[in-house]
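Protein sequences appear in the order of chains V and S. Each residue of the first sequence is one higher than the one before, counting from 163 in my numbering. Each residue of the second sequence is one higher than the one before, counting from 467 in my numbering.
Note that these hints are calculated values from the structure, not bench results. A few of these clues could be false.
Derived BS3-like pairs: lysine-lysine, alpha-carbon spacing no greater than 25 Å straight-line [as the list claims (entries may be wrong)]: (1) V/352 to V/327; (2) V/561 to V/327; (3) V/229 to V/451; (4) S/533 to V/370; (5) V/581 to S/652; (6) V/487 to V/229; (7) V/248 to S/652; (8) V/487 to V/511; (9) V/570 to V/325; (10) V/328 to S/533; (11) V/588 to S/562; (12) V/250 to V/487; (13) V/452 to V/511; (14) V/293 to V/581; (15) V/250 to S/533; (16) V/328 to V/495; (17) S/533 to S/652; (18) V/581 to S/562; (19) V/491 to V/511; (20) S/562 to V/248; (21) V/370 to V/328; (22) V/495 to V/229; (23) V/487 to V/293; (24) V/293 to V/328; (25) V/452 to V/487; (26) V/451 to V/491; (27) S/562 to V/293.
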Amino acid sequence: MKLRNALIAAFTGVCVATPVLADLVFPALTYRTGAYAVSGIPQADGYSDYFTMLNERDGGIGGEPIKVVECETQYNTEKGVECYEKTKGLGALVYQPMSTGITYQLIPKASADGIPIHSMGYGRTSAANGKVFPYVFNYPANYWNGASAVVNHILELNGGNIKGKKIALVYHNSGYGKEPIRTLEELSAKHGFDLTLLPVDHPGQEQKSQWLQIRRERPDYVTMWGWGVMNQVAIQEAANIRYPMENFIGIWWSGSENDVIPAGDAADGYKALALHAPGMDFPLFDDMKKHVYDKGMAAGAGDQIGTILYNRGMFQAILAAEAVKVAQKMSGKADITAAEMRVGMENLKVDQAMFSNLGLPNFAPNLTVSCDNHGGAGLVAVQQWDAKAKTWSLVSDFKPTDMDVINKLITEDSSAYAKENNITPKCL
Amino acid sequence: MAVGAYACYKLMTAFPDMNILICVLLSGGVTAFVGLIFGLPSLRIKGFYLAVATLAAQFFLVWLFNKVGWFYNYSASGQITAPERTLFGYVITGAKAETLPIYFVCLGLLVFLAVIARNLTRGAMGRKWMAIRDMDIAAEIIGVNPLMAKLTAFAISSFYVGISGALLFALYLGAVEVGEAFSIQKSFLILFMIIIGGLGSIFGSLVGAAFMIAMPVILKNLLVTSLGWPGDIAAHLEFMIVGLMIIVFLILEPHGLAMLWRIIKEKLRIWPFSH
Numbered sequence: 163m164k165l166r167n168a169l170i171a172a173f174t175g176v177c178v179a180t181p182v183l184a185d186l187v188f189p190a191l192t193y194r195t196g197a198y199a200v201s202g203i204p205q206a207d208g209y210s211d212y213f214t215m216l217n218e219r220d221g222g223i224g225g226e227p228i229k230v231v232e233c234e235t236q237y238n239t240e241k242g243v244e245c246y247e248k249t250k251g252l253g254a255l256v257y258q259p260m261s262t263g264i265t266y267q268l269i270p271k272a273s274a275d276g277i278p279i280h281s282m283g284y285g286r287t288s289a290a291n292g293k294v295f296p297y298v299f300n301y302p303a304n305y306w307n308g309a310s311a312v313v314n315h316i317l318e319l320n321g322g323n324i325k326g327k328k329i330a331l332v333y334h335n336s337g338y339g340k341e342p343i344r345t346l347e348e349l350s351a352k353h354g355f356d357l358t359l360l361p362v363d364h365p366g367q368e369q370k371s372q373w374l375q376i377r378r379e380r381p382d383y384v385t386m387w388g389w390g391v392m393n394q395v396a397i398q399e400a401a402n403i404r405y406p407m408e409n410f411i412g413i414w415w416s417g418s419e420n421d422v423i424p425a426g427d428a429a430d431g432y433k434a435l436a437l438h439a440p441g442m443d444f445p446l447f448d449d450m451k452k453h454v455y456d457k458g459m460a461a462g463a464g465d466q467i468g469t470i471l472y473n474r475g476m477f478q479a480i481l482a483a484e485a486v487k488v489a490q491k492m493s494g495k496a497d498i499t500a501a502e503m504r505v506g507m508e509n510l511k512v513d514q515a516m517f518s519n520l521g522l523p524n525f526a527p528n529l530t531v532s533c534d535n536h537g538g539a540g541l542v543a544v545q546q547w548d549a550k551a552k553t554w555s556l557v558s559d560f561k562p563t564d565m566d567v568i569n570k571l572i573t574e575d576s577s578a579y580a581k582e583n584n585i586t587p588k589c590l
Numbered sequence: 467m468a469v470g471a472y473a474c475y476k477l478m479t480a481f482p483d484m485n486i487l488i489c490v491l492l493s494g495g496v497t498a499f500v501g502l503i504f505g506l507p508s509l510r511i512k513g514f515y516l517a518v519a520t521l522a523a524q525f526f527l528v529w530l531f532n533k534v535g536w537f538y539n540y541s542a543s544g545q546i547t548a549p550e551r552t553l554f555g556y557v558i559t560g561a562k563a564e565t566l567p568i569y570f571v572c573l574g575l576l577v578f579l580a581v582i583a584r585n586l587t588r589g590a591m592g593r594k595w596m597a598i599r600d601m602d603i604a605a606e607i608i609g610v611n612p613l614m615a616k617l618t619a620f621a622i623s624s625f626y627v628g629i630s631g632a633l634l635f636a637l638y639l640g641a642v643e644v645g646e647a648f649s650i651q652k653s654f655l656i657l658f659m660i661i662i663g664g665l666g667s668i669f670g671s672l673v674g675a676a677f678m679i680a681m682p683v684i685l686k687n688l689l690v691t692s693l694g695w696p697g698d699i700a701a702h703l704e705f706m707i708v709g710l711m712i713i714v715f716l717i718l719e720p721h722g723l724a725m726l727w728r729i730i731k732e733k734l735r736i737w738p739f740s741h
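Whole structure, please, built from the sequences with the hints as guidance.
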């Protein structure tokens with residue numbers, strides 16, 4: 163009898179999802195397992211730790227407690243969609259899919275359900291056009307900004323003339339890795355450099371042939387769109403063929419501690435783009451320590467604090483929390499809905515005063531979101547790895563990218579999407 | 467499956483007025499044709515070598531759909547997205563599709579195709595297939611044409627697989643990226659469904675599929691939602707359970723869940739008086 167009761171209890175537990183009591187629900191589609199866990203864990207930890215800190219220090223946002231619902235996706239699109247379907251009924255305010263593939267799947271679904279998506283620095287680039295994609299945001303910068311930032315950096319190194327130089331793109335053979343190709347092609351026509359495309363198949367552990375080709379053709383610069391285990395393998399392979407690291411520039415997703423440490427000293431000088439400052443030299447981390455780490459409430463193993471991707475996850479949480487504040491102010495109530503959250507995100511303004519208030523002076527550049535521009539300012543910096551000190555440091559300011567080229571492509575791609583899906587572009 | 471999905475996508479975008487069911491069935495036909503081509507080597511090689519040879523199809527097709535832009539209509543991300551289609555007034559593909567109509571369409575097709583499959587295996591054709599499977603030389607001697615039997619087997623199973631691929635893409639996922647949705651992992655998943663369900667049985671493949679899909683969901687709900695465990699532990703546990711199940715089934719019950727069910731039925735029939 164006891165066993166039967168236990169079984170019934172377990173079964174009802176299986177069938178009935180426990181209702182969430184808190185009011186501001188942030189689903190986190192994380193991946194702590196699989197080939198991308200090395201990149202997924204720090205980001206997930208940063209995202210949820212910041213919300214835990216807000217709950218502990220301020221009692222949530224505007225007096226409303228926050229609930230972070232984690233769902234494991236393994237960076238797999240099918241699992242991600244399953245997670246979305248499972249969590250969307252809990253009153254989700256905003257989705258951060260943490261994967262370009264999942265973002266692509268969720269764009270039509272979330273737009274139909276009226277839940278905003280924030281694909282921060284990833285996802286569909288043309289979603290920067292808020293008239294076609296009212297529910298999708300990709301501020302503060304997108305892949306096309308990234309592609310242009312890489313080219314700008316190379317231009318700078320060469321005194322503005324890169325005619326005839328060879329640039330190779332090593333990319334994850336998926337929607338994510340293919341994103342920058344259009345822009346790079348456009349830019350190669352504009353600046354006259356040769357572009358070589360080298361796809362790496364999922365999960366990215368085998369790159370011998372790609373690097374053999376690089377060894378043979380000796381491109382002047384290599385840029386990389388990689389993620390997860392692919393990054394460390396690429397950097398190791400680059401070290402093996404003694405490719406000059408300072409000519410190897412990764413996207414902001416290919417520049418974390420976990421990517422360069424396995425290659426040891428050989429990774430010294432590797433560059434990556436940055437959306438925000440590295441390190442934990444900020445007063446905010448004192449609060450994080452006091453309210454989260456000292457209380458033993460850190461997400462995951464708690465060993466990721468201060469890494470690049472941890473900061474990235476935290477930055478995502480900060481932008482979401484600030485958007486909630488805007489939404490609360492605009493709607494006049496603390497308990498906001500997903501629709502009000504969308505309005506909050508669209509009217510988000512981030513400046514240095516705000517970063518100073520948060521205890522993160524000079525953490526990231528200013529940002530203004532509007533209906534026309536869901537992509538933000540697109541300011542990108544370059545950071546470089548110091549293998550001796552084991553630190554990343556910014557080697558440039560946050561600089562603007564070639565918006566003439568990018569905006570043209572965004573308009574082109576988003577109007578094609580609008581036509582395909584019968585969307586009349588307008589501001590909501 | 468990838469062939470089915472991409473055929474369905476091309477048909478859906480090339481002929482916007484065509485009924486979605488016809489699209490799905492036609493994409494099954496396209497897959498049958500592709501399966502036939504890859505089935506040709508089966509005339510010369512057997513057993514495990516054949517399995518390895520068909521594995522080549524897996525890698526070739528994924529590479530093809532990634533490489534040639536025509537298959538994904540030159541979209542920037544290389545993904546294919548299902549446009550919106552309706553059936554009897556219900557939206558069943560695209561973003562606005564509700565879950566229930568999708569379920570019933572899939573269920574209807576499943577029942578329809580399962581009945582056909584059942585009848586095929588009971589008829590002359592199925593008997594020929596089984597004869598070839600069990601012992602091809604003996605089958606040849608009793609007058610089964612191995613060429614026809616092998617090629618029809620390849621074509622018809624490819625037809626079924628193509629339909630499942632088309633449905634997976636158009637109805638369930640809505641958008642597909644070939645390297646991810648139809649990777650080798652998906653092939654393994656299907657193989658595990660068959661191993662756990664039971665080789666050579668239609669009921670077994672249904673049970674195996676239900677098991678492989680439902681088990682992680684139940685496990686996740688039980689551990690994460692009810693007991694509050696972290697999601698990564700549940701995911702790791704799932705790997706272990708699936709691996710263990712496969713080993714156990716291969717050793718203890720090579721005929722899978724279907725055989726287990728048959729034994730239980732037999733036992734119940736004579737219970738409580740054995741003999």
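Tell me, which hint numbers fail for this structure? 5, 13, 15, 16, 24, 26
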